[in-house]
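**Q** Residues per chain, in single letters:
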Amino acid sequence: MTASPAEKLVAMANQIATFFDTQPGDPAEGIAKHINEFWEPRMREGLLAHAATTTADLRPSVIAALPHIRRARQTA
Amino acid sequence: MKDFILPPKDDRDMGTPASRSATMVTLKIDGFDVTVPEGTSVMRASAEAGIQVPKLCATDSLEAFGSCRLCVVEIEGRRGTPASCTTPVAEGMVVHTQSSKVRKIRKGVMELYISDHPLDCLTCSANGDCELQDMAGAVGLRDVRYEAVETHFQPRQNGEANPNYIPKDDSNPYFTYDPAKCIVCSRCVRACEEVQGTFALTITGSGFDSRVSAGAAGDDFMSSDCVSCGACVQACPTATLQEKSVIELGTPERSVITTCAYCGVGCSFKAELNGDQLVRMVPYKHGKANQGHSCVKGRFAYGYASHTDRILNPMIRDRIDQPWREVTWEEAIGFTATRLRDIQAKHGKQAIGGITSSRCTNEETYLVQKMIRAVFGNNNTDTCARVCHSPTGYGLRTTFGTSAGTQDFDSVEHTDVVIVIGANPTDGHPVFASRLKKRLRQGAKLIVIDPRRIDLVKSAHIAASHHLPLRPGTNVAVLTSIAHVIVTEGLADEDFIRTRCDWTEFADYAEFVSDPRHAPEATELLTGVPATELRAAARLFATGGNGSIYYGLGVTEHSQGSTTVMAIANLAMMTGNLGRPGVGVNPLRGQNNVQGACDMGSFPHELPGYRHVSDDATRAVFEKLWGVTIDAEPGLRIPNMLDAAVEGTFKGLYIQGEDILQSDPDTKHVSAGLAAMECVIVQDLFLNETANYAHVFLPGSTFLEKDGTFTNAERRINRVRRVMAPRNGYADWEVTLMLANAMGAGWTYTHPAQIMDEIAATTPSFAGVSYEMLEEKGSVQWPCNEKAPEGTPIMHVDGFVRGRGRFITTEYVATEERTGPRFPLLLTTGRILSQYNVGAQTRRTENVAWHPEDVLEIHPHDAEVRGVKQGDWVRLASRAGETSLRAHLTDRVSPGVVYTTFHHPVTQANVITTDHSDWATNCPEYKVTAVQVALSNGPSEWQRDYAAQAEQSRRILPAAE
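In order, the protein sequence lines correspond to chains A and B.
Its first residue numbered 1, the first sequence is counted upward by one per residue in this note's numbering.
Its first residue numbered 1, the second sequence is counted upward by one per residue in this note's numbering.
Source of the hints: derived by calculation from the structure; they are not laboratory data.
All C-beta atoms, glycine included, are put in the ideal place defined by N, C-alpha and C.
Be a bit skeptical, because a hint or two may be false.
As the list claims (entries may be wrong) - Here are the simulated lysine-lysine pairs, DSS-like style, with alpha carbons at most 30 Å apart:
hint, chain 1, residue 1, chain 2, residue 2
1, B, Lys285, A, Lys33
2, B, Lys349, B, Lys168
3, A, Lys33, B, Lys349
Stated by the list, open to error - One side of the interface only, derived from the structure: several residues of chain A facing chain B at Cβ under 10 Å:
hint, residue
4, Leu9
5, Ile16
6, Glu37
7, Phe38
8, Trp39
9, Pro41
10, Arg42
11, Ala49
12, Thr53
13, Thr54
14, Asp57
15, Pro60
16, Arg70
17, Arg73
Claimed, not checked - Anything over 12 Å on all C-beta distances counts as not near chain B; from chain A, calculated:
hint, residue
18, Ala6
19, Thr18
20, Asp21
21, Glu29
22, Leu48
23, Ala52
24, Leu58
25, Ile63
26, Ala64
27, Leu66
28, Pro67
29, His68
Construct all of the structure, not just a fragment, from the sequences and the given hints.
**A** If you want it as structure tokens, here you go:
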């Protein structure tokens, strides 16, 4: 049942969105800030790479957050 | 008189508990003026003056009882000879503790006691540590005039079997009960009631027939309700209740004060020894967390430290299918350093990481994260708090500004209404539970929110006012409904909210919770909690006086763990229950030093003191001291490390004192991650389950074998003191030091005190902490710095750390782990009193007598429809995997819910748990797994394969000549 790495990142991002979608203010900002604070660069790049191929499985607020997700400063 | 100058914290028994009165009373005892608080007994006042009144039934951990008549004194102007233990002092009182009259009475009392007591002092296990013996000496007993016709101690008398003789009960693995030595002083019975709160002991019969008895007729200690906390043994003045270790090894001659290495209560103990032979662990009466109490684990379950399973030599292997090869420390460290550097050369700096241990000291944890940050050159550090209280960190920081629990344990003595949610203190935090139960017996009210009917819901002399048996996974819905009731019924503390919190945010939250969809009547269908009970509980909490909330992993280990913590913080704020004794938000931390591990910068995004790695000023502090550049990017968390390993970008892991294969969820995913790595280093006492996938095994040391500090759940920094030399040769911090230096660190620490100095120099909340200070004060609660030189027992007294308390919207989101036709039941997991976490330690002690295997608790109805009977082997299957264990039928769990513990590797409850996790922190959702239960014939195929793999992996080649 273990999901693929990209599927996991998508699930995690969508799950973060379930919280920020219910908060006052712009959820995209909260989502991006949370991801920038807690996700290691590989994970952020993994999500961005996946989103470059498809965003069909991402919640709208995650899609809105994508431009605010910081790119890795160096590759791993 | 032996000593005229008494040490500040002497261990003398003062006879009766201290009075807390602020009014002082002066009296004269044997010609000396003594000033003591009102309410103090004459006995204690005498002890304060250095005068020990003879006593047997009195001890300062128990209320005075007044039964032995040995402590009689004369008081001028009063008739007779009052018992000094039950007589309170009065202003101007003149007391004589010695007179011919009281001497005669005391001698007479002792004569009667001794006439029914064996005179085998020389071979008695309490020889030299017996208060009866001491008192015989103190009163000058020289002969006994009575020849007893009937006794309790002679197996045969008058030529036939003595019906009064009861043979020794040695059913408990750790202590014996020898009725022949009993003087029926009731200290054990009172300790069981007053200190432990279990009420397992009683006095049966009356007069000459009075006997101490465990449980009901026909019970022995083991079959009774006794929880083996040791309080009775501690209280017993004779050899009647005696540690088996003392019987075997003799009375100890030296002692060292240290801190227990089991749960987050952090009890202080006196390790009592002969040479380097540990004889017993005795709870330390001046320990601030435990105040002289203990549980079966800390008191007795230390045998693992000398267990034959301990690995004492380093071992390495190239591949995990090979047997282990014992090598020197130099070779093991060299091998490890080379492998880790090779991996980095090939796969990049970020391809390795480490896990700090919540079992190890602050100093050791600090050093591991320092090695990862400064020597590995990345932030790939994490700790087992990831899988327990990481949501507490996120939730409390967001709402209050700091992840710290808000109170000290003493706070419970001032509470009026307690919510216990997702915690089972009588099993998980037993010494705290005893203090809580004491307060409940004094009249405080209790609300339990838990899917299971835990012991606190109803046990001897306590009962919860409300038990809300919610469906696992619906914490947020229940707490939001409680907030709904408080807000809509106008019970919120507006003054507190206006002065201390952000009013606009509260207004938003109030509007959110007031929506009828959050009403208990609306959520009942979802949560299973009757609306009337929930309303009553909410009203009680909001209006019942000082309200406190204690919670555990049943709150955090959910996909909405962080949201639940914030809901708890909201409740405390809206009822004004913060910033004073008796209230607060109290996370009950799991492991001895999980608080410390978090404080010490174990998380991949935080440097010591909870400062984000992206903060330039914080990095600069460490960069200057360490002489390196610190990565400003967060590193990988444990589940992310395993994901990256499976993906192929993470290849090496240093694990100090944690067994992730057994303790982390979705075992198959963990083993796949570990198997994909090129260098797994396990530093532990035993070849744990994770070591099956390791290339390097570095022997660890126990808490008895090193100096350091642990920080308990109330932020209390307690000293751990070296009691004996490390059997493996090195304390864990020395092993980390060797590895770091082999990788070029150039560290020169020679004692953990230097590491603490570095922590204090870099971390503002620890700025005032040093070993000298801890020697002087015993312990201190952080923050401890210029602003709070004495430490901080209670947080947020004048204002929240973040300024204004912040209300966060807590929308319930159902977990994706859902029941369905294939998996119709919900599994939740927990702990049992006698075992500890993965059981690596407790399974290697006599504690297995209480819990030899994990069992599945299932409601009789769910069992019946599946044809399952008590004790049957059942197959427990989830979407992640399956295992087998025996069923235990009980209505403690509701229909639809099953429960098990995770103490035994053969069960591997985590084969079942899934990779769902908290949205904010990735803390795994251990507490909710959809499962099916069916009859089975025995261990599953997976269990057999696992056992075979483990056996194969644990082979050790004989050492090379």
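**Q** It remains to establish, for every hint, whether it holds in the given structure.
**A** Outcome of the hint check:
For the hint linking Lys285(B) to Lys33(A), the alpha-carbon distance of about 48 Å lies beyond 30 Å, and the restraint is violated. For the proposed pair Lys349(B) and Lys168(B), the alpha carbon gap of about 64 Å is over 30 Å, so the pair is violated. The hinted pair formed by Lys33(A) and Lys349(B) meets the criterion: a straight-line CA distance of about 25 Å does not exceed 30 Å. For Leu9(A), the interface hint holds, the least distance from its beta-carbon to any beta-carbon of chain B being 9 Å, beneath 10 Å.
Taken as an interface hint, Ile16(A) checks out: its beta carbon lies about 5 Å from the nearest beta carbon of chain B, inside 10 Å. Nearest Cβ of chain B to the Cβ of Glu37(A): about 6 Å, under the 10 Å cut. The hint holds. With a cut of 10 Å, the hint placing Phe38(A) at the interface with chain B holds, because the nearest CB-to-CB distance is about 6 Å. Because the closest C-beta pair between Trp39(A) and chain B is about 7 Å apart, less than 10 Å, the hint holds.
For the restraint placing Pro41(A) at the interface with chain B, the shortest Cβ-Cβ distance is roughly 5 Å, inside the 10 Å limit, so the hint holds. At its closest, the beta carbon of Arg42(A) sits 6 Å from a beta carbon of chain B; the interface hint therefore holds under the 10 Å criterion. Given hint, Ala49(A) at the interface with chain B, is violated; its Cβ is 12 Å from that chain's nearest Cβ, farther than 10 Å. A cut of 10 Å between beta carbons decides the hint on Thr53(A): the least distance to chain B is about 17 Å, and the hint is violated.
Interface hint at Thr54(A): violated, since its Cβ lies 19 Å from the closest Cβ of chain B, which is beyond the 10 Å cut-off. Proximity of Asp57(A) to chain B is violated relative to the hint, the smallest CB-CB distance being about 14 Å (cut-off 10 Å). Here the hint on Pro60(A) is broken, as its CB sits about 16 Å from the closest CB of chain B, past 10 Å. For Arg70(A), the shortest C-beta to C-beta distance to chain B is roughly 9 Å, which falls under 10 Å, so the interface hint holds.
Restraint check, Arg73(A) versus chain B: the minimum CB separation of about 6 Å is within 10 Å; hint holds. The non-interface label for Ala6(A) is inconsistent with chain B: the shortest C-beta to C-beta separation is roughly 10 Å, within 12 Å. Under the 12 Å C-beta cut-off, the non-interface status given to Thr18(A) relative to chain B is violated; the minimum distance is some 5 Å. Once the 12 Å rule is applied to beta carbons, Asp21(A) is inconsistent with being away from chain B; the minimum gap is 8 Å.
The claim that Glu29(A) lies off the interface holds: its Cβ sits roughly 15 Å from the closest Cβ of chain B, which is beyond the 12 Å cut-off. For Leu48(A), the non-interface assignment is confirmed: its Cβ lies about 15 Å from the closest Cβ of chain B, beyond the 12 Å cut-off. The Cβ of Ala52(A) lies farther than 12 Å from every Cβ of chain B, with a closest approach of about 18 Å, so its non-interface assignment holds. Distance to chain B confirms Leu58(A) as a non-interface residue, since its nearest Cβ pair spans about 15 Å, more than 12 Å.
Against chain B, the non-interface label of Ile63(A) holds: every CB pair exceeds 12 Å, the least being about 18 Å. Distance check for Ala64(A) against chain B: the nearest CB is about 17 Å away, which clears 12 Å, and the non-interface claim stands. With 12 Å as the threshold on Cβ separation, the claim that Leu66(A) sits away from chain B holds: the shortest Cβ distance comes to roughly 18 Å. Every Cβ of chain B is farther than 12 Å from the Cβ of Pro67(A); the closest lies at roughly 19 Å, confirming the non-interface assignment.
With a least beta-carbon separation of about 15 Å from chain B, His68(A) lies farther than 12 Å from that chain, consistent with its non-interface assignment.
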